[in-house]
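**Student:** Same order as they appear, the protein sequences are chains A and L.
If you want my numbering, it's the position in the first sequence, counting the first as 1, plus 176.
If you want my numbering, it's the position in the second sequence, counting the first as 1, plus 1.
The hints are simulated quantities; they were obtained by calculation from the structure and are not laboratory data.
Every residue, glycine too, gets a C-beta built ideally from N, C-alpha and C.
Incorrect hints may have been included.
Claimed, not checked - No more than 20 Å apart at the CA atoms, straight line, and that leaves these computed lysine to aspartate or glutamate pairs for EDC-like:
1. L:K252 x A:E261
2. A:K263 x L:D256
3. L:K23 x A:D320
4. L:K98 x A:E351
Stated by the list, open to error - Label-pair distances were calculated between CB atoms; the ranges are:
5. A:A285 x L:E5: 30 to 38 Å
6. A:M371 x L:A94: 23 to 31 Å
7. L:V141 x A:D303: 34 to 42 Å
8. A:K227 x L:K252: 29 to 37 Å
9. A:E343 x L:M120: 35 to 43 Å
10. A:E316 x L:E173: 35 to 43 Å
11. A:N216 x L:L37: 51 to 59 Å
12. A:A285 x L:R12: 17 to 25 Å
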Amino acid sequence: MSKYAIEVNNVGMKFNLSQEKVDSLKEYVIKLVTGKLRYNEFWALKNIDFKVEKGDRVGILGLNGAGKSTLLKVIAGVFKPTEGEVKRSGRLVPLLELGAGFDPQYTGAENIYLYSAVLGYPKSFVDEKFDDIVRFAELEKFIDVPIKNYSSGMKSRLGFSIATQVEPDILILDEVLSVGDAKFRKKSEKKIMSMFKTNVTVLFVSHSLDQVKRLCNKAILLEHGELTAAGDIDEVAAIYEERTK
Amino acid sequence: MFKEQIKTFKRYRFLLRELVKKGIKLKYRRSYLGILWTLLEPLLTTCVLTLVFGHFFGKNDKTFPVYILTGRLLYTFFSGATKAAMKSIRAHAGMIKKVYVPKYIYPLSSVLFNFIIFMISLIVLVGAAVVFKVYPTVWVFTGIVPLFMLFMLTLGAGMILSTMSVFFRDLEYLWDVALMLIMYTCAIFYKTETMEKTGSAWVFRLNPLYAIIRCFRDAVYGRNMFTEGYWFWMPMAVSIVSVIVGVALFKKNQDKFILHI
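Make a model of the complete structure from these sequences and hints.
**Tutor:** Written out as structure tokens, the structure is:
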């Protein structure tokens, strides 16, 4: 086993931003014939190269549009990078846009199984953890109600609960610690903290520099899709503060 | 290379099962009769078709309802499953944007859950065969061959459609029109003899779904489907080619899906 949990090797991600979205056959043919099918190339990420050691907690800093979320999606395997490659070792659980993968017609209980399956867990594992998941989300009374009748807070609580009751090796957190009310927020931060003790590797995106400083020991800084700083959290945070002044 | 794929497939077997279950569950949720509709629906439509067309096309045939039912059940599966597979990628956009899952799981699960519903609905055919005294012979066992071809053809078509519809949404409407054409050239509620007299029988030779239905009817009516090679080998070849093309097309384009949904 390698000592790195994540290796990002020279990754670039290119998007073709067509001026108008062409998604009908008619438009496509017309544009193709008249020669108007042009794309603006846009590199959301360029030459990103870094390694994350096992047990490291890495904060990803950068302004809006710097490519933070794109980078997380490349690491999670959702985007396939245009160039370069990402190596991961261990089970990865992304906590991005919690609850976006739920089926609204399904009940809470059915969604627990569905969502765990999406994350790649076997059925036996979910059977075992089911009660913990429900209890942590504080949804005992509503677990047999279709998700479409849930409030947005309830949905995110359930999403957070499923993703964290399982034991990932790599955890990707994108602005998720702003879930639910103040009480649940405290609880979820505590849960994340307790996971840190189990030597989980964490990638963390937040616009709250305080939170990043509190939770992470290392950081990288992205600017316009390029990696401009990497290292200990205090050094990188200082550079970031300099830039945001 | 294949070892890796088999490993991933094993890991996501539970997801495939969950998605198949979800398709079946949600199809009949909130209906009073639930899964019974898989039996009632073909039964009722066959009654209507028999009433309307039996008069014109099936006067001398006491088993005409069985004839209609075989065609209708197979066609309904094909149209339902290809439509579901076509929409499957966009229907699961929320998941695809968030976590990595082998994407072929989505069209595959759509075809599978429709196939299970279809297999259940074959019970109606058994009932109808008893009522109209179409008794099975040993040839009934060869029925598994057209069912296999049907599954392959549908899966292949589903993969092709699901890939293309990510890039071109109008395909959903175009496919509805194409399905109508396919339905009328499947000889579901009429006999091909009437068409043969007018010299338009060649359209049947171009329709692999009709050829599959024909093979299946042979099995149900206790005839040997292998007597005329063309009606057996044509759909077999088309089914296999459609799966190969479907998988290749899907594999080539799947990384681009995320940019279009």
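**Student:** Could you run down the list of hints and mark each one as holding or not?
**Tutor:** Hints versus structure:
1. Annotation: proposed proximity of K252 of chain L to E261 of chain A holds, straight-line Cα distance about 19 Å (limit 20 Å).
2. Distance restraint check for K263 of chain A and D256 of chain L: the Cα-Cα separation of roughly 17 Å lies within the 20 Å cut-off, and the hinted pair is therefore satisfied.
3. Our distance criterion of 20 Å between C-alpha atoms is met by K23 of chain L and D320 of chain A, whose separation comes to about 15 Å.
4. The hinted pair formed by K98 of chain L and E351 of chain A meets the criterion: a straight-line CA distance of about 16 Å does not exceed 20 Å.
5. Take A285 of chain A and E5 of chain L: their Cβ atoms lie about 33 Å apart, and the range 30 to 38 Å holds.
6. Evaluation of the 23 to 31 Å hint for M371 of chain A and A94 of chain L yields a pass: the beta carbon distance comes to about 29 Å.
7. Between V141 of chain L and D303 of chain A the C-beta distance comes to about 41 Å, which sits within the given range of 34 to 42 Å.
8. The hint said 29 to 37 Å for the Cβ distance between K227 of chain A and K252 of chain L, and at roughly 30 Å that hint holds.
9. The hint said 35 to 43 Å for the Cβ distance between E343 of chain A and M120 of chain L, and at roughly 39 Å that hint holds.
10. For the hinted restraint 35 to 43 Å between E316 of chain A and E173 of chain L, the CB-CB distance of approximately 41 Å keeps it satisfied.
11. N216 of chain A and L37 of chain L have their C-beta atoms about 55 Å apart, which keeps the hinted 51 to 59 Å range intact.
12. At about 23 Å, the CB distance of A285 of chain A to R12 of chain L agrees with the hint of 17 to 25 Å.
In summary, the structure agrees with every hint in the numbered list given earlier.
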